[in-house]
Amino acid sequence: EPEVTQTPSHQVTQMGQEVILRCVPISNHLYFYWYRQILGQKVEFLVSFYNNEISEKSEIFDDQFSVERPDGSNFTLKIRSTKLEDSAMYFCASRDAGYGYTFGSGTRLTVV
Amino acid sequence: AQSVTQLDSQVPVFEEAPVELRCNYSSSVSVYLFWYVQYPNQGLQLLLKYLSGSTLVKGINGFEAEFNKSQTSFHLRKPSVHISDTAEYFCAVSEGRGNKLVFGAGTILRVKS
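Chains as they are written, first to last, in our numbering: chain A, 1 to 112; chain B, 1001 to 1113.
Honestly, the hints are just simulated from the structure, not real lab data.
Cβ atoms here follow ideal geometry from the backbone N, Cα and C, with glycine treated the same way.
Incorrect hints may have been included.
[Claimed, not checked] Below, simulated DSBU-like cross-link-like pairs (lysine-lysine); rule was C-alpha separation at most 35 angstroms, straight line:
{"hint": "1", "chain 1": "B", "residue 1": "K1049", "chain 2": "B", "residue 2": "K1112"}
{"hint": "2", "chain 1": "A", "residue 1": "K57", "chain 2": "B", "residue 2": "K1049"}
{"hint": "3", "chain 1": "B", "residue 1": "K1049", "chain 2": "A", "residue 2": "K42"}
{"hint": "4", "chain 1": "A", "residue 1": "K42", "chain 2": "B", "residue 2": "K1058"}
{"hint": "5", "chain 1": "B", "residue 1": "K1069", "chain 2": "B", "residue 2": "K1058"}
{"hint": "6", "chain 1": "B", "residue 1": "K1112", "chain 2": "B", "residue 2": "K1069"}
{"hint": "7", "chain 1": "A", "residue 1": "K57", "chain 2": "A", "residue 2": "K42"}
{"hint": "8", "chain 1": "B", "residue 1": "K1058", "chain 2": "A", "residue 2": "K57"}
{"hint": "9", "chain 1": "A", "residue 1": "K57", "chain 2": "A", "residue 2": "K83"}
{"hint": "10", "chain 1": "B", "residue 1": "K1049", "chain 2": "A", "residue 2": "K78"}
{"hint": "11", "chain 1": "B", "residue 1": "K1058", "chain 2": "B", "residue 2": "K1112"}
{"hint": "12", "chain 1": "A", "residue 1": "K42", "chain 2": "A", "residue 2": "K78"}
{"hint": "13", "chain 1": "B", "residue 1": "K1049", "chain 2": "B", "residue 2": "K1069"}
{"hint": "14", "chain 1": "A", "residue 1": "K78", "chain 2": "A", "residue 2": "K57"}
{"hint": "15", "chain 1": "A", "residue 1": "K83", "chain 2": "A", "residue 2": "K42"}
{"hint": "16", "chain 1": "A", "residue 1": "K42", "chain 2": "B", "residue 2": "K1069"}
{"hint": "17", "chain 1": "A", "residue 1": "K57", "chain 2": "B", "residue 2": "K1069"}
{"hint": "18", "chain 1": "B", "residue 1": "K1112", "chain 2": "A", "residue 2": "K42"}
[Claimed, not checked] Sample of chain B residues with no beta-carbon within 10 angstroms of chain A, all distances over it, derived:
{"hint": "19", "residue": "E1015"}
{"hint": "20", "residue": "S1026"}
{"hint": "21", "residue": "G1062"}
{"hint": "22", "residue": "E1066"}
{"hint": "23", "residue": "T1072"}
{"hint": "24", "residue": "P1079"}
{"hint": "25", "residue": "G1106"}
{"hint": "26", "residue": "S1113"}
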């Protein structure tokens, strides 16, 4: 069964550093998403991406965040100048035309 | 904007007993509804989804859910649970320009022997 692949599985970074979280969506999916889940809390939407542009973003997705699909296969989330409160599990998801959403296993980001 | 309410934060149940996890969503013209399961330290796995058609939806691992438009509910059920069903379950609705998923707060199902 096709999978969404996320790397790395765990990243520790110093406060103020930039991080890039990587995702390889399912190849024939056209819609891509990033979500985050702070430990013990609900899954929160960050951003959706379609046709090489952001289609919707949440209030969380401020200027420190950006997304990119640099090469037609990868889908990245960049966090500039990380803060302690950015520590969370970040999930990438992709969707087919039939509303089949597939999530990756997540990247656990720890900001110290 | 849509919102999803999962009425129970935790549901303890004995093995082989039936279980119902409740989910209500805010009203909309049409909704697509989903249930996901998250095992400890893992990602989100789709259990089932409702897009249209029959209001009773069958999913993986013996789970099913019923879409009730009048009560704006999409409760998840299993007639007989196993220890291995211990996990957190999330109800979600698809909405918005990008058809994002909006998740409920989750229900932790604890199956006891």
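Tested hints:
1. B/K1049 to B/K1112: 27 angstroms, holds
2. A/K57 to B/K1049: 24 angstroms, holds
3. B/K1049 to A/K42: 19 angstroms, holds
4. A/K42 to B/K1058: Holds. A/K42 to B/K1058 sits at ~25 angstroms (cutoff 35 angstroms).
5. B/K1069 to B/K1058: 17 angstroms, holds
6. B/K1112 to B/K1069: 33 angstroms, holds
7. A/K57 to A/K42: 17 angstroms, holds
8. B/K1058 to A/K57: Holds, at roughly 32 angstroms.
9. A/K57 to A/K83: 19 angstroms, holds
10. B/K1049 to A/K78: 31 angstroms, holds
11. B/K1058 to B/K1112: 24 angstroms, holds
12. A/K42 to A/K78: Distance of about 21 angstroms is within 35 angstroms: holds.
13. B/K1049 to B/K1069: 15 angstroms, holds
14. A/K78 to A/K57: 14 angstroms, holds
15. A/K83 to A/K42: 20 angstroms, holds
16. A/K42 to B/K1069: 24 angstroms, holds
17. A/K57 to B/K1069: With a Cα-Cα distance of about 28 angstroms, the restraint between A/K57 and B/K1069 holds, given a limit of 35 angstroms.
18. B/K1112 to A/K42: 24 angstroms, holds
19. E1015: The claim holds: B/E1015 sits with its nearest Cβ about 26 angstroms from chain A, beyond 10 angstroms.
20. S1026: The assertion about B/S1026 holds, with a minimum of 16 angstroms to chain A.
21. G1062: Consistent with the label, B/G1062 stays out of reach of chain A, its closest Cβ about 19 angstroms off (over 10 angstroms).
22. E1066: 19 angstroms, holds
23. T1072: Holds, since 19 angstroms exceeds 10 angstroms.
24. P1079: The assertion about B/P1079 holds, with a minimum of 26 angstroms to chain A.
25. G1106: At roughly 6 angstroms from the nearest Cβ of chain A, B/G1106 sits no farther out than 10 angstroms, so the non-interface label is violated.
26. S1113: Holds, because the least Cβ-Cβ distance between B/S1113 and chain A comes to about 25 angstroms, which exceeds 10 angstroms.
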